[in-house]
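A.B. asks: Each chain is listed here by its residues.
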Amino acid sequence: MNLASRAGSRKRLNSIVATGVVAITASWFGASLAEDKIVIGFVTHHHLDQFQERIWQGARTAAADLGVELKLAAPDNVDPEAQLAIVQSLVNSGVSGIATPATSESLVAPLNAIIDGGTPVVTFLLNSPNIRAPFVGERTFPTWKEFGKRVATKLGADAKGEVLVGYCSADLEILAHRADGTIAGLKEAGPGLTVLGPFDVKLSATENYAAWEALALAHPNAVAMLDLCAPGIVSLSKLKTSGGYNWLIAGADTTPENLAAVEAGTAWMAEGQSEFLQGYMPVLMLVDAIRSGKKAVEPSFFDSGNQFVTLDNADEPYDLKDVSFKELVEIANSPELTAAHYKASLENGQLKDWKSLLQPLENQNK
Amino acid sequence: MPDEIGVVAALVVLVLAVGVVQPNFLSANNLIQLVSNSAYFGVIALGMVFLLALGEIDLSVGWNFNFSAVLTAELMLFGVDPWIAAACGIGFGAALGLLNGVMTVALGLPSIIVTLGTLSVFQGLSLVVTKSRAIIPPDLSSSFFAVTNSRLFGIPFVVYGFVFAAIVLHLVFHKSRFGYRVQAIGSNAEAAKLAGIPINRTRVVALVLMGALCGLAGATFVGVRQAIDPTTGGEFLLVAIAAAVIGGTPVTGGMGTIVGALIGALIISTIRSGVIFLGVDARWSTFVTGAVILLAVAIDKALRVQRDRSRNRNREN
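These protein sequence lines map, in sequence, to chains A and B.
With numbering that gives the first Met the number 0 as the guide, the letters of the first sequence map in order to residues 0 to 365.
With numbering that gives the first Met the number 0 as the guide, the letters of the second sequence map in order to residues 0 to 316.
With the rest of the complex left out, here is chain B (with noise of 0.2 Å):
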């Protein structure tokens, strides 16, 4: 049984509890308008997989999202290109994250600290840049434009863009030396380090791919919505880690599922929706929003637990 059957059943009861109550809820337009909601957020807890699974943390991913916007639209707004724009704004997460690795290895720090402090660091740069204000690309007729905000069979480019981000780092997350080397660190950094794995660049490299989503995010969301302003992405931090968190993916190191995550991103996007679907009153309804994640984690470990059982029992028979 997959590690992911948990999530899955979850977000399955999820979605049919509301659709039976509202039956609007499972309409094509709301399920796909779920998924590209959870793209932003989600490409984050994608790459936060990776820094738990590691024993680490980025606390500056939502800053880091809105930064490499901010300089995404900037960009346009100085007349370059917008897919160069867009480059550049995957590249400048990218090293913002190698900021985060850097001084994470130079310092010695645990990357919790030195992100709790680029956090505000990147908040307070973006807003500097914006002046508080909301920057809006002003050329809209660049094909960029027009290839974020395409369907394909009536579903967004957000969404394939951000399955595409979870088939591509599952492989990299499963099949590839970076990826056990992740997962080693995580186990047992002491172990891994006698076997020759090198700590410190790996942990630089996955701060750096961290950031290199959130700029991917970031310079996406700039496309989609034709404008950025100072206030968004503050929000994702939790968000993306909950949904790891969710997921499968466990705070303590060594492993995690970027399918999971993949998931749990969805559970969140449903649970916010459904919430709304069954007119919970807004006083209400973050309460009800923290006992749904806790009845959706609650029915992963169940399902957790009596797979464990299973297997035990197979191999004493």
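Okay, chain A solo, but in the shape it has when bound (with noise of 0.2 Å):
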């Protein structure tokens, strides 16, 4: 490279190194963002299927009927590290409060450090009890030793055999709750079952049925499978169908897919937790929150409530209108309708006092 050549290659560098320089110097001292209008950064783990749909759906509910502006995102797979990365821009942004679930504890630090720094913070789904805000989302514990007990109460009192438990992902806290729960359940209501796992099943439709085609061949004559996330139903479902087995079917999540299962008859019970009000309620308490002039939301535990859903029961948390089956799986499928079930409680009901149903934190998982 000649001297004429290189001088000119510095030039173009310098001056692009230059450009970059005054212009961040330039926002440094000018840029801050001011507003009034409210916007609310609302961060679900991921955006992979219909469950986390359900809970944008209430989020976005939430921001229309409040009339404020809401910011939905999602890392393209479960990394807590994307995630929060996703939070601290949003930030930055000049967000003014952020939801969003606590997929890690290593997101405690930051989503302290962000509440220490003024921006409101509401945690749903996954919780971790070292965050110093709100929490809205299941019971974990109590509400799977439940779904044990029904499972094991539906096999009968004297039932022997094999019950399976599977989940999706082997390193997700909230899951391992779940297991410890049902397996719980099932021990206390049903002392003659054999429980097996909880076995890792993947969250992927391939790969789930793969894992589950692979238990359903090691163990053919279990007497129940049970999986604890959403894809399970479906996916254990297509194999008894298939497969000619007798299994009982049960697991996680309310999705049109598991209820069509259920209605099927392949399926007895899916497990809902109220997803919409997941993503409803951060939205309502942080709005509240920075309307009434506060830098931070108090903690506390807002219960969103389980449903146990079988042909011939569709039991509904709070005061929500008691549904038929058939009326379930219609409101499951039309975010209309998902919205309009829930508008009366918000508006005239329990739900519209949602403050006097708040609970100490630590009731999450008692």
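Each statement offered as a hint is correct.
Here are the simulated DMTMM-like cross-link-like pairs (lysine to aspartate or glutamate), alpha carbons at most 25 Å apart as the crow flies:
hint: 1; chain 1: A; residue 1: Lys351; chain 2: A; residue 2: Asp318
hint: 2; chain 1: B; residue 1: Lys130; chain 2: A; residue 2: Glu161
hint: 3; chain 1: A; residue 1: Lys351; chain 2: A; residue 2: Glu68
hint: 4; chain 1: B; residue 1: Lys130; chain 2: A; residue 2: Glu145
hint: 5; chain 1: B; residue 1: Lys130; chain 2: A; residue 2: Glu187
hint: 6; chain 1: A; residue 1: Lys36; chain 2: B; residue 2: Asp280
hint: 7; chain 1: B; residue 1: Lys130; chain 2: A; residue 2: Glu206
It is worth saying that the hints were derived from the structure and are not from the lab.
Build the complex from these two chains, which are given one at a time in their own frames, with help from the hints.
C.D. replies: Put into structure tokens, the structure is as follows:
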């Protein structure tokens, strides 16, 4: 390279760097978001399934009801570091509050730093008691203990045989709590049952099916197959139909596909955790705090409630209108019907007085 | 013109493009956070440059990071001084790298095959140790946590650590015998062998270095975040490779750039943050991230082509 060319290159490099430095310096001194408009950053831990979509739907409905702007975001996969980067970017962009799940304990220090910096935070779905913020979600251990007891009761007090328990990820702590609760419930209500697992049956539909297929071949005489994540009921139902098995199937989440399997009679029970409320309530709590001039929301626990849905039972939490199984399916398939289903309670019922429903944070896993 | 001019230009263009639309993106706090968030996978990307230049790869880096962090935190749970626990974590990462290296050489297999296996081994053992639960050091009063969470001139410790690691590794790559050997083997393994370069030893040392960097990142992570859970690190593999490759290290071996990998890591963090600032719909963000990475690589390539033409013209003159 000759001297002239080298000097030209340096000039180009210098001009690029200089432009950057000028812009950055100008921004440091001049940029400050001081808008009155409330903007809520709502970050889920992934956006891969209907369950997350229903949470988003709750958040969108809340934002529309309260007249605030919502910024929805999520990492491509369950990746706490990417999730944190999104949350921090939203905070730096000037949002008024953040709602996000505590996917990892490693998020505790950064989220507490955000709270200390004056941006209110509400967590949902996945909890850490070490975050100084409210949590909206289910009571994990007791709910899944009840789930296990109901399965054992359905099988009969004297039932014997193998019950297989699977979950979609061995590295999410909340699923370990679900498994602990389920196994405790099965053992308490079905002392003759042999409980095996929890097995890691994966999240993606194809991997989940393959994992359950292998378990079915290894345990052809099992009396029940339980998947504590959303895709399991569908996989197990297909296997049951194609392989002529007689297991009892139960699992997590009242997605339209899971309810269809219950309706068809291949699955017995789907557990729901009011995901609409897990989207709605964090936005409501944040907006309430911000409009009250608070810089942080006091730590507390809002139980989003659960449903143990069978063909005969579609009980709803709080004072939500009782619905038949058929109506529940219609609600699950329609964003408008879902919003309308919760509207009465949120506007004039028990959920309107949501502050009286807040519990101490430590109640979440009791 | 330095080799890294293309990626530097791509980074500046990206930062300015987002900053023009959203001035808050250029705030000091956000830019510092961008670098800080890049540090963990970025340090791994720096080590990956050595392996790629050697014509090797380590697929187990994410879980090596996680397992080393888990060991560090577990030792703290057992009452070991956090500084000693962190040193053990780094050593443990290096030992896992040594395991990769010894198996690669002893079995005569490409490291991609060996580390494909150890990826699951490390993840599985880490899960067994953690029992699927997060590990939280019980006592945060040690100076280890104060140092790893400290700031100098408003810039976090991890940023200095990341830059310092890049400088040291840059010197190792370009100025040490080991660095020359890595590039020589990656360029032409047969010629390197005939020249008397110890190929197997160099491969093992490179994998140990990679493991030690995973351990360093893992131990630092425990200090900064004061916790490690079973999921963290699993997604680091692809971003670390992407950072090295975006930075200008070819997967074909023979050459590499540590500074490029550092810039590559910053480009990835900039894109991740940029799509949020620009309000890109979450469903589109994955596509946009990929498209912008392609754009950044294209800018780099265009500048390289221009530089090569310029060099050729100068030679002809």
